[in-house]
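Asker: Sequence:
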Amino acid sequence: MQEETSIHKKRSWIGTIVTLVILFLLGLFVWRVVFFTTQIRSGKLNLSDLNFSQTVSTISKLASEPTKDEAFDVVLKNRPMLGNASAPITIVEFADFGCPFSRTSSFVMRSLATKYPNQFQYIYRDFPLIELHPLAQKASEAAACANEQGKFWEYHDKLYQNQDALEDSSFEQFAYQLNLDTGRFKQCFSTNRYTKQVEQDYQDGLAAGVRGTPTFFINGNRIPGSIPQDVLENVIVSVGAQNK
0 MQEETSIHKK RSWIGTIVTL VILFLLGLFV WRVVFFTTQI RSGKLNLSDL
50 NFSQTVSTIS KLASEPTKDE AFDVVLKNRP MLGNASAPIT IVEFADFGCP
100 FSRTSSFVMR SLATKYPNQF QYIYRDFPLI ELHPLAQKAS EAAACANEQG
150 KFWEYHDKLY QNQDALEDSS FEQFAYQLNL DTGRFKQCFS TNRYTKQVEQ
200 DYQDGLAAGV RGTPTFFING NRIPGSIPQD VLENVIVSVG AQNK
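The sequence shown begins at 0 in numbering that gives the first Met the number 0 and counts up one residue at a time.
No wet-lab data here; the hints were simulated from the structure.
Hints are not guaranteed to be accurate.
Claimed, not checked - Simulated restraints on C-beta separations:
{"#": "1", "residue 1": "T181", "residue 2": "S237", "range": "43 to 53 Å"}
{"#": "2", "residue 1": "G182", "residue 2": "E232", "range": "34 to 44 Å"}
{"#": "3", "residue 1": "A240", "residue 2": "G182", "range": "44 to 54 Å"}
{"#": "4", "residue 1": "E166", "residue 2": "F106", "range": "19 to 29 Å"}
Positions of the beta carbon are idealized from the N, C-alpha and C atoms, including for glycine.
Start from the sequences and build out the full structure, keeping to the hints where you can.
Answerer: Structure, rendered in structure tokens:
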């Protein structure tokens, strides 16, 4: 009887220790996610400093629990958009048609928008770094002219696919290759119709803390730098599941 009581007490003690360890690890995980989230919001931490699971959990928290005081309103309804405007996730990308990292990220977003058309909204905004990419401003304006004819994304793809060979003559060539009304395109492009729109994107980006490309805003929370496709996919799926 005494031996059984001793064994029971020992098992109870072990169970208590295991429970305390689990609670400690859970608390540590939550603390780390909150810490990483705060650091990313403040711009003191890059995603490249985190491993896969840390990145997914941190971005998921940013997407599912946006903080009004720290989130930025960078959504404009008249900018190129893919996906579902009513979805629980809105991803805004500030990108530069001359930036190789923007090229990679934009094609990742195009792929995900095709795979998950109802689970998030993707909005493309311009942030041309003309000091680094002299034709970036003109490329953005040309894409806006193509958008008038309903072919922004086709023109977007052309610009990024030919990024390394862009010339002043490329913009009208792409319009011709995409079967746009070239006369209408030329009139739009030559009169700088969308110069102010592109400049507005750039100024809005600066005001929201954008300093390089690509920079993403997930439900208003700024995340600088490229985000791996598998990370974004996990976030889209997990946050979507929470909102079913």
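Asker: Within 43 to 53 Å: is that where the Cβ-Cβ distance between T181 and S237 falls?
Answerer: holds, 45 Å
Asker: State, for the Cβ atoms of E166 and F106, whether the hinted interval 19 to 29 Å holds or is violated.
Answerer: holds, 22 Å
Asker: I want to verify a distance hint. Is the separation of the beta carbons of A240 and G182 within 44 to 54 Å?
Answerer: holds, 49 Å
Asker: Go ahead and decide if the range 34 to 44 Å is satisfied by the Cβ distance of G182 to E232.
Answerer: holds, 42 Å
Consistency note: the structure conflicts with none of the earlier hints.
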